[in-house]
Amino acid sequence: MPASYFDVDGTLVSTNLVPPTLYYLLNQPTPIHVARSIARALFKAPMMAWGEMQDRRIFNEVLFSVFEGMSEDRLVTLADDVFERVLKPNLYPGARDLIRTCVDKGHEVVLISGALEVVVHHLARHLGATGVIANKLEFKDRTATGKLLRPVVAGPNKALLVRDHARARGYNLDECYAFSDSYSDVPMMSIVGYPVAVNPDRKLKALANAYHWPVIDLSATAA
Amino acid sequence: MSHPCLITLDSRSAPRTLFSGDRLVEVDLPTGTRVLYSKPPIEPLKDVDAAIRYALNHPENSEPLYARLRPGMKVCIAIDDISLPLPPMRRPDVRERVLTIVLALLADYAVDDVEIIIATSVHRRMKAFEVRHVVGDRIFDKYWPDKLYNHDAEDKDNMVYLGTTELGEEVEINRRAVESDLVIYVNLNLVPMDGGHKSVAVGLCGYRSLRAHHNPRVMRDCYSYMNPETSSLARSVDRMGKLVNEKLKVFTIETVVNNRMFDKPLEFLAKNEDDLSPAEKTALRALRFTLDKVPQPARQAIFQRVPSPYGVIAVNAGETVAAHKKTLHKNYEQYCVPVEGQADILVTGIPYISPYNVNSFLNPLLVQVMAQGYMFNLYKGAPMVKRGGTMIVLHPCTDLFDNEHHAPYIEFVHRLLPETRDALELHRRYEREFANNAAYIEMYRKGNAYHPTHPFFMWYWGEAGRQHLGRVIVVGADNEYIPKLLGWETARSMEEALRMARLTAPANPDILCLHLPPIGMADVSVPPGAGGVHAPSDHR
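One line per chain: the protein sequences are V and D, in this order. Taking the working numbering, the leading residue of the first sequence gets 147, the next gets one more, and so forth. Taking the working numbering, the leading residue of the second sequence gets 90, the next gets one more, and so forth.
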């Protein structure tokens with residue numbers, strides 16, 4: 147049995163990591179907490195922009211550092227709202243059908259995302275995916291330290307994580323699929339037998355055309 | 090005396106101009122070569138709407154359509170897709186004319202629950218502008234996209250299993266058709282392999298049904314696709330269609346068009362080169378020059394952007410088999426040119442279009458299907474070329490694919506064909522893998538790609554020709570590896586190709602040139618005792 151590995155942001159949903167993070171920051175216990183979190187995020191914005199240009203992992207680490215001090219309970223409680231109000235309205239119309247096709251063909255469907263695991267689990271349940279590989283925050287005394295647990299799910303690390311996952315489950319990577327919208331996921335797409343560009347960015351589209359990878363436009367499909 | 094459309098070249102004959110993709114190439118063929126031209130277009134019906142109404146009111150072996158309507162009933166109308174006709178027909182397409190009359194009739198009888206399905210089977214989905222072209226603005230604006238839509242063979246919830254034929258062929262078709270009180274099929278019959286039971290049983294089915302007949306074994310047993318009586322494929326489809334008609338109420342409307350593919354400025358392309366007027370000769374030279382100088386997209390635009398002025402020559406309606414019998418008769422009347430004796434060498438140009446590349450490029454796999462599938466099969470009676478004979482085709486065989494329409498073709502040509510060209514092995518080793526490819530299925534369902542099994546069917550489609558022919562030599566290929574992948578030899582010129590072909594042909598070989606398009610067919614008779622005729626294994 148093969149597995150299908152799906153990137154999430156830009157591939158299945160039209161948002162990226164920022165809106166869910168903002169939702170968390172805007173829903174703090176008091177206005178003072180909100181103001182402080184937003185100020186901290188704004189202060190880090192230039193570093194995030196720089197990180198995005200250098201390496202997706204750096205961006206993720208800087209972005210999630212704004213969660214420092216947030217309680218684990220709050221993160222878990224708000225995850226449902228984040229899914230319902232941020233991710234679900236931004237799901238691409240064809241995302242559910244695509245995942246259903248994979249499940250119908252006997253694939254294990256795994257979402258692999260730089261987003262927080264607590265949020266991605268909700269999405270996986272909604273879409274019928276069976277596995278999740280996502281980022282986890284480090285907690286001390288049930289409070290987020292602002293650091294991500296290793297390995298950070300982003301860029302080339304995704305390739306390693308997919309390889310480990312497939313090996314642990316006994317899947318032949320040549321029979322597996324990887325779906326992504328981003329050129330930063332080329333390492334992950336290169337290790338499977340069936341790479342698929344979904345709503346690809348300019349660089350990935352050029353690569354997909356050069357290597358004749360299938361290109362899917364989920365944004366244009368009917369619900 | 091031979092038919093006026095079959096001429097024999099002599100020493101004074103002008104060179105022939107044949108298609109080589111979207112270019113025209115002048116070739117010198119030896120004295121004694123017979124050249125088969127298509128018949129002139131049959132005069133179209135004077136009043137097509139009247140003919141449609143007459144057919145609906147005087148159907149074959151059926152009550153008139155109006156007598157089968159009841160207020161409040163559920164009706165499914167299915168129509169042929171963009172693969173017919175080639176190139177697309179100038180507006181109004183005959184399907185629009187039929188639909189306009191049928192929908193008005195349904196409205197008169199208070200039949201409001203009507204859905205129109207484009208019977209694509211595993212072909213690509215038609216785009217909105219293409220659907221508009223076929224059904225017209227008024228119907229498109231009223232029904233698209235909720236009540237006028239493309240068939241989706243991979244929408245498992247909307248496919249219904251009807252049962253199996255006596256030979257175990259599984260029949261599964263579109264739910265809307267199954268749940269309707271009446272299915273009305275609006276067909277456009279371009280060639281004799283279209284229409285009949287193929288309309289519903291293939292047009293509205295999926296892979297589960299198609300694999301029963303779109304496989305190498307059945308395809309090898311077709312002599313030819315254009316003659317349903319001697320085609321295993323047609324027999325299988327008939328069995329499945331019979332089962333469909335037992336379970337559903339089907340009213341068939343078949344329309345037949347003539348072969349007027351080129352309009353006035355290009356009409357000379359269908360003429361004998363010896364009969365061209367000085368003005369036509371100049372126009373031909375100018376066209377050839379232009380096509381040689383402009384880039385490929387412009388060449389494609391010259392031919393594909395201009396719809397053809399096909400004329401409607403017959404409308405038949407009623408029970409599927411009875412209506413189709415009359416349709417076939419008209420098709421043969423338009424196309425068949427009697428030819429005595431088979432050739433040792435068959436020469437033909439491969440044009441720029443096939444049923445599967447409307448609005449896209451004729452990729453190498455489709456070049457193969459045009460040569461060994463369609464061109465080879467344009468016969469009734471015996472094949473045009475003797476068993477083990479040589480087919481010489483003209484085409485550049487450019488390694489170019491449309492990423493949107495033909496995504497699975499690319500993998501088929503570049504990953505599978507280097508492994509094997511054996512259709513049975515391809516069928517056994519790879520077809521299931523492609524049929525389950527989630528990405529390709531998504532591209533078929535939600536994009537505009539052909540189903541992942543379609544490239545296999547295209548390869549099988551060439552199987553009868555592949556088994557029959559000894560060699561295929563391609564003239565004018567711009568590369569060597571694509572012909573090699575297809576199992577073809579290459580020659581730089583027609584002279585070289587003929588020299589190569591003569592090495593394996595008898596002395597003074599009989600050469601036949603198929604001068605198409607427009608479409609024509611050979612009705613080949615073989616004198617008793619003549620060798621080289623195929624021996625069909627089983628004509629059940």
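Bear in mind the hints are in silico, worked out from the structure with no lab data behind them. Built from N, CA and C at the ideal position, the CB exists for glycine as well. Treat the hints with caution; some may be incorrect.
[Stated by the list, open to error] A few chain V residues facing chain D, derived, Cβ under 8 Å:
1. Thr161
2. Lys251
3. Pro360
[Unchecked claim] Straight line, CA to CA, 30 Å or less: simulated DSBU-like cross-link-like pairs of lysine-lysine:
4. D:Lys245 <-> D:Lys370
5. V:Lys190 <-> V:Lys286
6. V:Lys251 <-> D:Lys231
7. D:Lys163 <-> D:Lys128
8. D:Lys236 <-> D:Lys331
9. D:Lys338 <-> V:Lys349
10. D:Lys573 <-> V:Lys234
11. D:Lys245 <-> V:Lys234
12. V:Lys351 <-> D:Lys216
13. V:Lys190 <-> V:Lys251
14. V:Lys234 <-> D:Lys331
15. D:Lys353 <-> D:Lys163
16. D:Lys231 <-> D:Lys163
17. V:Lys251 <-> D:Lys245
Hints, verified against the model:
1. Evaluation of the Thr161 (chain V) hint against chain D yields a violated restraint, the C-beta minimum of about 21 Å exceeding 8 Å.
2. Given the 8 Å rule on beta carbons, the hint for Lys251 (chain V) holds: about 5 Å separates it from the nearest Cβ of chain D.
3. With its C-beta approaching chain D no nearer than about 4 Å, Pro360 (chain V) sits inside the 8 Å limit, and its interface hint holds.
4. In summary, the hint linking Lys245 (chain D) to Lys370 (chain D) is not supported, as the alpha carbons are separated by about 56 Å, beyond the 30 Å threshold.
5. With a CA separation close to 22 Å, the supplied pair Lys190 (chain V) and Lys286 (chain V) stays within the 30 Å bound.
6. A hinted pair counts as satisfied when its Cα atoms are at most 30 Å apart, and Lys251 (chain V) with Lys231 (chain D) does not qualify at roughly 37 Å.
7. For the given pair, Lys163 (chain D) sits about 43 Å from Lys128 (chain D) by alpha-carbon distance, which is inconsistent with the 30 Å threshold.
8. In summary, the hint linking Lys236 (chain D) to Lys331 (chain D) is supported, as the alpha carbons are separated by about 27 Å, within the 30 Å threshold.
9. With a CA separation close to 53 Å, the supplied pair Lys338 (chain D) and Lys349 (chain V) exceeds the 30 Å bound.
10. Between the alpha carbons of Lys573 (chain D) and Lys234 (chain V) the distance comes to roughly 51 Å, so the proposed pair goes past 30 Å and is violated.
11. Among the hinted pairs, Lys245 (chain D) with Lys234 (chain V) is consistent with the structure: their alpha-carbon atoms are about 25 Å apart, no more than 30 Å.
12. Between Lys351 (chain V) and Lys216 (chain D), the direct Cα distance comes to roughly 22 Å. Compliance with the 30 Å bound is thereby established for this hinted pair.
13. Taken as a hint, the Lys190 (chain V) and Lys251 (chain V) pair is broken in the structure, with Cα atoms around 44 Å apart against an allowance of 30 Å.
14. Note on Lys234 (chain V) and Lys331 (chain D): the hinted pairing is violated, with a Cα-Cα distance of about 47 Å set against a maximum of 30 Å.
15. Taking the CA atoms of Lys353 (chain D) and Lys163 (chain D), the gap is near 44 Å; set against the 30 Å cutoff, the hint is violated.
16. Proximity of Lys231 (chain D) to Lys163 (chain D) is assessed by CA-CA distance (about 18 Å); at most 30 Å being required, the pair is judged to hold.
17. As the CA atoms of Lys251 (chain V) and Lys245 (chain D) are separated by approximately 12 Å, the hinted pair is consistent with the 30 Å bound.
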